[in-house]
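Number of protein chains: 4
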Amino acid sequence: MIKAGIIGATGYSGEALVRLIARHPEAGLAFVASRSEAGRPVGEAMPGLGDLPGDLVFCAADPQALAEAGADVVFLALPHGVAAGFARPLYDAGVRVIDLSADFRLGDPDVYAAYYGADHPDPELLAAAPYVLPELAAPGWESSRLIACPGCYPTSVQLPLVPLLRAGLVEPEGIVINSVSGVSGAGRKANAFFSYCERDNSVVAYGAPRHRHLSEIEEQLGAAAGREVVVQFTPHLVPMARGIATTIVARAAGSLAAAEEVLRAAYAGTPFVRVLPSGTFPDTRNVVHTNRCDLSIVHDARTGAFILTSVIDNLLKGAGGQAVQICNRLFGLPETSGLL
Amino acid sequence: MIKAGIIGATGYSGEALVRLIARHPEAGLAFVASRSEAGRPVGEAMPGLGDLPGDLVFCAADPQALAEAGADVVFLALPHGVAAGFARPLYDAGVRVIDLSADFRLGDPDVYAAYYGADHPDPELLAAAPYVLPELAAPGWESSRLIACPGCYPTSVQLPLVPLLRAGLVEPEGIVINSVSGVSGAGRKANAFFSYCERDNSVVAYGAPRHRHLSEIEEQLGAAAGREVVVQFTPHLVPMARGIATTIVARAAGSLAAAEEVLRAAYAGTPFVRVLPSGTFPDTRNVVHTNRCDLSIVHDARTGAFILTSVIDNLLKGAGGQAVQICNRLFGLPETSGLL
Amino acid sequence: MIKAGIIGATGYSGEALVRLIARHPEAGLAFVASRSEAGRPVGEAMPGLGDLPGDLVFCAADPQALAEAGADVVFLALPHGVAAGFARPLYDAGVRVIDLSADFRLGDPDVYAAYYGADHPDPELLAAAPYVLPELAAPGWESSRLIACPGCYPTSVQLPLVPLLRAGLVEPEGIVINSVSGVSGAGRKANAFFSYCERDNSVVAYGAPRHRHLSEIEEQLGAAAGREVVVQFTPHLVPMARGIATTIVARAAGSLAAAEEVLRAAYAGTPFVRVLPSGTFPDTRNVVHTNRCDLSIVHDARTGAFILTSVIDNLLKGAGGQAVQICNRLFGLPETSGLL
Amino acid sequence: MIKAGIIGATGYSGEALVRLIARHPEAGLAFVASRSEAGRPVGEAMPGLGDLPGDLVFCAADPQALAEAGADVVFLALPHGVAAGFARPLYDAGVRVIDLSADFRLGDPDVYAAYYGADHPDPELLAAAPYVLPELAAPGWESSRLIACPGCYPTSVQLPLVPLLRAGLVEPEGIVINSVSGVSGAGRKANAFFSYCERDNSVVAYGAPRHRHLSEIEEQLGAAAGREVVVQFTPHLVPMARGIATTIVARAAGSLAAAEEVLRAAYAGTPFVRVLPSGTFPDTRNVVHTNRCDLSIVHDARTGAFILTSVIDNLLKGAGGQAVQICNRLFGLPETSGLL
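Keeping their order, the protein sequence lines are chains V, R, H and P.
The first sequence maps to residues 1 to 340 in the numbering used here.
The second sequence maps to residues 1 to 340 in the numbering used here.
The third sequence maps to residues 1 to 340 in the numbering used here.
The fourth sequence maps to residues 1 to 340 in the numbering used here.
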């Protein structure tokens with residue numbers, strides 16, 4: 001059994017992670033640490049976890065102590081800027097680290113500074129951390145000791161778009177991306193804006209034109225295209241707790257048949273990505289509470305564009321589920337272990 | 001008091017219309033006709049209208065009889081293809097007609113045939129019917145006897161975009177439009193796809209790349225631009241009953257300041273359109289149950305695009321409310337009468 | 001035109017009140033005061049009110065200054081314990097006051113102390129303030145200068161139950177009341193418990209067995225029965241923004257026909273209460289965004305009980321709408337003015 | 001591996017069952033049969049199951065053929081009246097049967113006839129089928145070949161109430177039960193009443209005073225009390241897809257401490273029922289998508305009553321999950337297998 005620690009377990013992604021590890025057939029909780037709830041029973045602070053077996057109690061979020069706590073792997077479900085400070089002592093102690101924050105997602109520390117408003121906290125470690133979207137990452141990352149787990153919007157964007165960019169089947173210029181997210185994407189917050197009455201019956205754009213995830217999206221799409229990619233990305237909130245739906249418009253550089261073939265080939269044999277028939281559109285309802293991504297593509301002969309749509313659960317394939325998927329591969333377990 | 005008849009009052013738009021007319025200070029219900037519920041008390045067939053004063057009963061939807069029923073104006077809340085058959089005898093009898101269907105929205109009967117799969121039922125009458133989005137329509141329409149009321153998505157698209165196209169401040173090529181709609185946009189239907197359990201927690205695209213409203217959108221944007229306009233339009237359903245949010249990406253052909261000035265000038269003094277400060281995004285929550293449209297614009301220096309966002313209530317500013325607004329102007333009433 | 005001031009307009013009830021007065025045909029806003037937002041434009045602090053005509057700005061909540069501000073009537077939408085301090089100077093200045101808080105609802109200051117945890121702030125004024133549920137209050141209250149507006153749950157309980165208690169058609173012992181409320185009943189709060197993700201898909205009881213509204217319910221039911229009444233009252237939150245549904249089980253002391261007749265007689269000619277046929281159940285959906293109460297009664301021959309069900313909009317018939325209804329009658333206006 | 005067949009898999013309970021068996025570590029799908037979708041791929045007819053591995057296709061619902069199809073156990077997720085006709089040939093062929101319908105829940109065929117409007121289809125088989133709520137059923141049922149799985153409302157009622165009735169800690173007279181259910185309780189229906197727009201923002205009672213589940217509730221409570229029990233039961237729909245919350249008022253016949261002790265003892269060591277501390281109320285949010293029941297009890301000294309509240313997921317602990325729990329025990333597997 002793999003011993004897994006989780007730091008920052010009071011947010012929605014952390015909660016999803018705790019649940020996944022608690023029911024994982026080949027992993028168990030080494031510790032659950034919180035900066036704000038140390039000493040408190042997990043089930044009391046988070047009633048949704050009150051059914052977990054045993055008397056799980058939040059331990060203190062002391063980086064050095066947790067590095068020596070005997071975990072095989074530690075998940076960081078912490079805010080950006082905070083995660084790096086925990087990653088360093090764990091990394092130095094030889095514990096494998098899967099970071100769900102933005103701290104190790106961007107290759108270029110200058111881009112980090114530009115989008116996150118502060119110098120990168122540990123550029124040396126950044127260089128050691130591969131960015132891993134498991135279905136798309138180049139082989140070899142499984143030997144890494146620190147992995148950057150992708151963001152939720154970027155996951156929903158890359159899965160449909162990266163194979164097509166790599167194959168040269170869409171033009172990298174002029175890509176327009178619209179995403180809508182359930183409210184849990186904003187985290188667990190005591191903020192009237194996120195109250196039930198304010199988000200009910202509410203659709204609202206935010207963060208445009210320069211949401212922080214844009215940096216990650218453009219860096220990854222650029223790598224796939226082999227050249228700089230600049231996109232228009234507009235996220236929105238919609239009245240649901242979980243789920244992201246992304247709609248991408250990109251100029252076609254090949255036929256629909258070729259594009260579908262590339263997508264099917266990219267995900268053949270993968271357990272979590274499903275390419276729906278063209279003309280069928282993926283629905284968040286079918287993927288929430290799963291680690292899956294459903295996607296499809298249509299072609300518009302009038303405009304010469306492909307329309308790509310994808311859906312994920314932002315807390316699973318967009319965060320905690322993807323982190324467990326990474327963990328499974330790090331430790332040579334079946335990719336789906338604990339995720340079906 | 002204006003005597004208003006409503007034909008097809010069992011759908012959501014018709015229900016909204018009945019309520020608006022029933023509480024209108026200067027109009028009253030001449031009749032409420034239904035093809036399926038004739039003879040039944042309105043409050044029994046539609047519990048949401050059960051509070052209306054009087055013993056309102058659905059009358060039969062007999063075109064000739066209704067044309068002679070003494071109404072000053074008749075609203076048609078009927079499916080496309082059906083509405084035209086009612087419009088003709090009313091028109092010939094000198095009754096003013098406000099049609100909420102698609103039958104008189106498109107100037108070109110060939111476009112109608114291409115998008116609606118049948119020849120236009122009355123091309124001669126089509127030529128007599130102006131398309132009226134009240135804030136944007138050219139003066140003079142108030143003397144018309146038959147008015148085509150715009151569709152819901154097209155209203156949300158035109159209000160932010162038409163003034164900028166007229167002023168040459170956005171490029172007419174490459175416009176990308178994403179809309180999300182509450183489920184009432186699909187009408188009142190006994191269809192498992194629209195059941196609560198299927199639409200809850202569900203975001204799904206549909207109708208792409210060639211939704212019927214595309215024809216209306218392109219015809220109107222083309223008129224504003226003075227040239228053909230081809231857009232990418234992708235509608236989606238989101239889990240709410242009412243409301244549309246539209247996000248438009250269009251290449252800037254001028255400064256943000258100029259564009260904001262044009263939008264403010266276009267809607268200065270109008271009671272129902274509000275231009276929010278750039279950087280603020282309109283929220284469906286603030287316009288549902290009203291006849292308003294909130295909109296705003298931001299500029300992205302990285303891509304050179306404007307992002308325009310707008311929100312309306314699809315059943316009011318997108319249907320019944322707009323129809324009453326048109327009626328108010330037809331009869332010289334204050335534009336806001338019965339709509340605040 | 002009646003000049004109406006509103007103090008405490010940043011909560012949901014206050015917001016509803018501002019909107020009602022702003023569109024009232026025979027009343028207008030004298031001022032809108034806030035303890036937290038003085039000096040700020042109303043539409044900026046509360047985007048849902050951003051469409052109101054004019055440049056409405058919150059003024060300071062200075063009791064003495066507001067008493068001299070020239071209003072004919074002032075609505076207090078303030079927390080209990082705070083409202084009384086504003087009521088006194090207004091009352092002394094001869095301004096009519098409609099209080100939406102609990103401060104003047106209970107006849108007995110000792111009950112107030114027992115349920116609200118503090119001595120009543122102004123027992124003398126309490127004695128001068130009639131409790132007015134307009135459909136049920138004894139005649140003569142219209143000359144009062146200070147009116148206590150009922151709570152939301154108590155309104156939903158009294159409308160079905162009081163006429164039957166008065167007529168001796170239900171036993172006053174053993175009444176069991178279950179209510180469910182939309183989340184706006186908790187007010188506008190920056191509290192993670194009330195966040196969208198926590199209230200979505202959540203039904204949860206709270207405040208049992210001794211919710212504060214119990215005191216008001218029992219005092220009013222006792223007055224109707226002519227003897228002490230002790231009830232079981234269990235409120236719950238359900239995932240919707242607005243609306244209360246109340247289900248009451250009470251032993252029958254007469255026939256269903258007699259009970260229905262009493263209810264129909266009680267509300268004959270009233271504009272806001274509708275008695276549905278037995279076997280039909282009222283639905284919150286049909287009353288939200290209105291000032292109405294729908295109710296019905298069934299009899300269970302097996303248990304000998306009546307089941308009474310009622311629905312209201314907690315922010316309208318349960319708060320701001322009822323306050324305007326009271327105001328209309330205070331000033332001799334049609335009871336429905338501004339409420340249809 | 002246990003080979004499990006499912007008949008009637010196109011409803012919500014059936015869908016939940018298919019998913020549970022598909023990911024069960026010690027059971028697999030022998031067949032999935034449908035009366036309406038035979039021959040169609042499961043993932044096409046039910047997009048929410050589109051991710052299941054393999055090419056699952058609905059087979060025909062032929063009772064005799066399915067009895068010979070080699071399954072170890074068959075789940076019947078069929079309407080009442082239909083299930084019995086399938087149970088007989090399976091039973092005669094020696095296949096174990098777990099029936100989720102009402103056909104074998106009532107011990108008395110006359111009660112069945114009274115509540116279901118038809119003679120019981122197979123009284124002889126009825127006598128052979130124990131009613132099994134696993135936490136409460138008398139030992140020995142595991143050797144039965146046909147098991148009646150409890151209804152959703154009855155499960156939520158019995159778990160809090162039966163241990164107290166057995167211990168004589170509540171009075172069996174005058175029990176009042178209010179339940180609210182998510183819309184999936186009504187099944188997958190093409191009915192406008194269950195459409196998103198009609199159920200959104202809607203709370204409505206139904207089926208009172210004599211919902212069909214009343215017969216099952218009273219029979220089981222009577223068995224626990226050792227005497228006839230007549231209760232008041234009022235179910236309601238609330239705007240969520242899944243979940244039931246039940247609130248029970250019953251006169252105390254002992255202390256709160258004694259009652260809590262009885263409840264804790266009843267569920268000590270059981271994996272799916274959690275007794276929350278008195279004063280804490282269970283929340284549907286914490287049990288949806290699980291097989292758990294959370295419950296708690298408070299005492300009201302003013303009325304002498306206990307208030308019991310419980311929550312379950314109607315499709316899991318109230319249907320498919322409970323059926324799998326029963327299956328696990330029938331076959332000697334860990335009770336939680338496939339259910340965590």
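There's no promise every hint is true.
Said to hold, decoys possible - Here are a few chain R residues that face chain P, going by a calculated C-beta distance under 10 angstroms:
hint	residue
1	12
2	19
3	242
Because the hints were derived from the structure by calculation, they are not lab data.
Computed from a predicted model, the values in this text were never measured in an experiment.
C-beta: ideal position from N, C-alpha, C; glycine also.
With 10 angstroms as the cut and Cβ atoms as the points, is residue 242/R at the interface with chain P? The hint holds - residue 242/R has a Cβ within 10 angstroms of chain P, the shortest such distance being about 8 angstroms.
Residue 12/R was flagged as interface toward chain P. Is the shortest Cβ-Cβ separation under 10 angstroms? 7 angstroms, holds
Hint status (Cβ of residue 19/R to nearest Cβ of chain P, threshold 10 angstroms): Check failed: Cβ of residue 19/R comes no nearer than 15 angstroms to chain P, outside 10 angstroms.
The structure fails hint 2 only (numbered hints given earlier).
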